[in-house]
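Enquirer: Given the sequences, and given the hints that come with them, work out the whole structure.
Heads up: the sequence lines are chains A and B, in that order. When you line the first sequence up against the working numbering, it's residues 1 to 134, in that order. When you line the second sequence up against the working numbering, it's residues 1 to 387, in that order.
A couple of the hints might just be wrong.
What the hints assert, rightly or not - With a cut-off of at most 16 Å between alpha-carbon atoms, the simulated EDC-like pairs for lysine to aspartate or glutamate come out as follows:
1. Lys175/B - Glu158/B
2. Lys54/A - Asp112/A
3. Lys175/B - Asp186/B
4. Lys54/A - Glu26/A
5. Lys353/B - Glu302/B
6. Lys54/A - Asp387/B
7. Lys128/A - Asp90/A
8. Lys130/B - Glu91/A
9. Lys130/B - Asp112/A
To be verified - Distance ranges between label pairs, derived from CB positions:
10. Ser97/B - Val47/A: 54 to 60 Å
11. Asp112/A - Arg69/B: 38 to 44 Å
12. Val70/B - Gln6/A: 47 to 53 Å
13. Trp57/B - Gly116/A: 19 to 25 Å
14. Gln6/A - Pro123/B: 47 to 53 Å
15. Glu48/A - Asp277/B: 42 to 48 Å
16. Gly102/B - Glu48/A: 54 to 60 Å
17. Ala67/A - Asp164/B: 29 to 35 Å
Since the hints were derived computationally from the structure, they do not count as laboratory data. On a predicted model such as this, the values are computed, not experimentally measured, just so you know. For every residue, glycine included, the Cβ atom is placed at its ideal position computed from N, Cα and C.
Chain residues, written in single-letter form:
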Amino acid sequence: MEPYTQPFWEELEDGTVLIHACESCERRFFPPSPVCPHCQATDVEWVETTGCGKLFSFTRTHATAAAFADELVVGTVELDDGPKLLAPIDEPYSALEIGAPVRIEPTEYTADHDRGWLEDYPFFTARKLEETDA
Amino acid sequence: MTGAVTPTVVGVGTVPNGTHSVPERDLALTVLRDALDEAPIELGAVDGLYMPAPRPWTQQGFFSTYLLRVLGLDVSQSLEISTGGTSGGHAFHTAVSDIREGRVETALVLAVERNSTIDTTGPYFEYILKSFDAEFESPIGMTVPAAYAQSMQRYVHEHGLDRDDLAEIVVKNRKNGAENPEGLFDDAPARDEVLDARPVADPIRLFDCPAPCDGAAAILLTGTEEPSPSGITVTGTGFHHEPTHFLMGPDADPTELPAVGQAVDSALDRADNAIDDIDVFEPYAPFPHIEAMITEELGLAERGQGVDACLAGRTAPDGEIPISPSGGCLGRGHPPMVTPLLNYIEAVRQLRKTAATQISDAERVLTTAEHGHLNGVTAAVFAGGCD
Chain A
1 MEPYTQPFWE
11 ELEDGTVLIH
21 ACESCERRFF
31 PPSPVCPHCQ
41 ATDVEWVETT
51 GCGKLFSFTR
61 THATAAAFAD
71 ELVVGTVELD
81 DGPKLLAPID
91 EPYSALEIGA
101 PVRIEPTEYT
111 ADHDRGWLED
121 YPFFTARKLE
131 ETDA
Chain B
1 MTGAVTPTVV
11 GVGTVPNGTH
21 SVPERDLALT
31 VLRDALDEAP
41 IELGAVDGLY
51 MPAPRPWTQQ
61 GFFSTYLLRV
71 LGLDVSQSLE
81 ISTGGTSGGH
91 AFHTAVSDIR
101 EGRVETALVL
111 AVERNSTIDT
121 TGPYFEYILK
131 SFDAEFESPI
141 GMTVPAAYAQ
151 SMQRYVHEHG
161 LDRDDLAEIV
171 VKNRKNGAEN
181 PEGLFDDAPA
191 RDEVLDARPV
201 ADPIRLFDCP
211 APCDGAAAIL
221 LTGTEEPSPS
231 GITVTGTGFH
241 HEPTHFLMGP
251 DADPTELPAV
261 GQAVDSALDR
271 ADNAIDDIDV
281 FEPYAPFPHI
291 EAMITEELGL
301 AERGQGVDAC
311 LAGRTAPDGE
321 IPISPSGGCL
331 GRGHPPMVTP
341 LLNYIEAVRQ
351 LRKTAATQIS
361 DAERVLTTAE
371 HGHLNGVTAA
381 VFAGGCD
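Expert: Written out as structure tokens, the structure reads:
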């Protein structure tokens, strides 16, 4: 059996952000799962997104686990397709504001944290878009 | 009440929050001895033991079984549960339920935790990291303050609040905590000191965070068919879990706390009370904006006006809705496995009229516990202590 979420990581390598759509209630959700968390239906499918969304909120840590830099900029991205996800943000904290357009993009994973079977896959980060790109 | 038997608190015991150099066993036996000193029962009468699972860095594993051997207790029910900050709440609720249903006659609820034995800058963060989505969130390096910082940021944004005003909630709770002889702190910072403290996860600063510490508490419960007005009874309990995990989940809105509202509604229904009947509030509110949001969720303030309730003095000990006269998580120190029991014991002391910061004419107290980002919440109503 292969991990259910493997298609997400396979596609992310090529810059595509996949989420799930429920064929029963037509809602979209993340992370991918064989059960829709909105209606509990199991007729779900993978769908592509642009990876674009808006910054719902954000923070900058000053202390965390030893595998990471103490200062991390992290935020909640609300994708244009609906779901929200937590993401590292590849921007200075001072440059951020709620509502800023961002895009989820693949990035090399450099932290000394054990991701298990995902060791050789990239992770993702949110980067600000210029208003004209949004 | 719908049950024939009413759970009644007959003894409580605590140690001061702080640093304790003795094993968890000794803290547990100390608070148990103190609870027994207050109770008109012998230890051998205890037929149910309920406790949060001690933290994974506790030297003694299999703690409840070990404790039963040490005490020589033969019990009908025992529970050692791990659900984060609601662990103590679930242990207490299960004891209450078992007494209501007649499964046990005398319940011991006990919690013990030492955080002084772990380096909070390393292994503790590794432990916390596993609380988040292991595949999509832990690899980011998430922390609990990093989750609450985002809800604070969003809450302030949505309601157009002055973030600095949240410092007044910290000041109020630290003042209350400084009056509590079992609290961690002897003093209270001023507003400017709260705002100038070192950042932890922007915009959250050090004094906005609950300080981890060691602690222990025990509560003895029995069933009473006709409780006297002077007895302290548990009149209502409630629980709710939203389909959320920290900040995420279908339709999750981290600026509202629906699990608080639903758990409290259940507890009040069971107690046959309305929110206006409550004289004292002892919520599990680990960050200042969470106290403001709980105030709103309970209908004690309009949305976005929970901070104003504090600024106007409404939540102070002499206000109309006293919140955390014990100091709560922010003012008292915070051993999360023990904090729910400390809230219950504060409720008992308010009703006995022996609290360090006593609310006059307290007849009913509402307490809560929570885990995650208030994804799961327990609520309990205490009443009694009338002459």
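Enquirer: Starting from the hint list further up, note which numbers the structure goes against and sort them upward.
Expert: The structure breaks hints 1, 2, 4, 5, 6, 8, 10, 14, 15; every other hint is satisfied.
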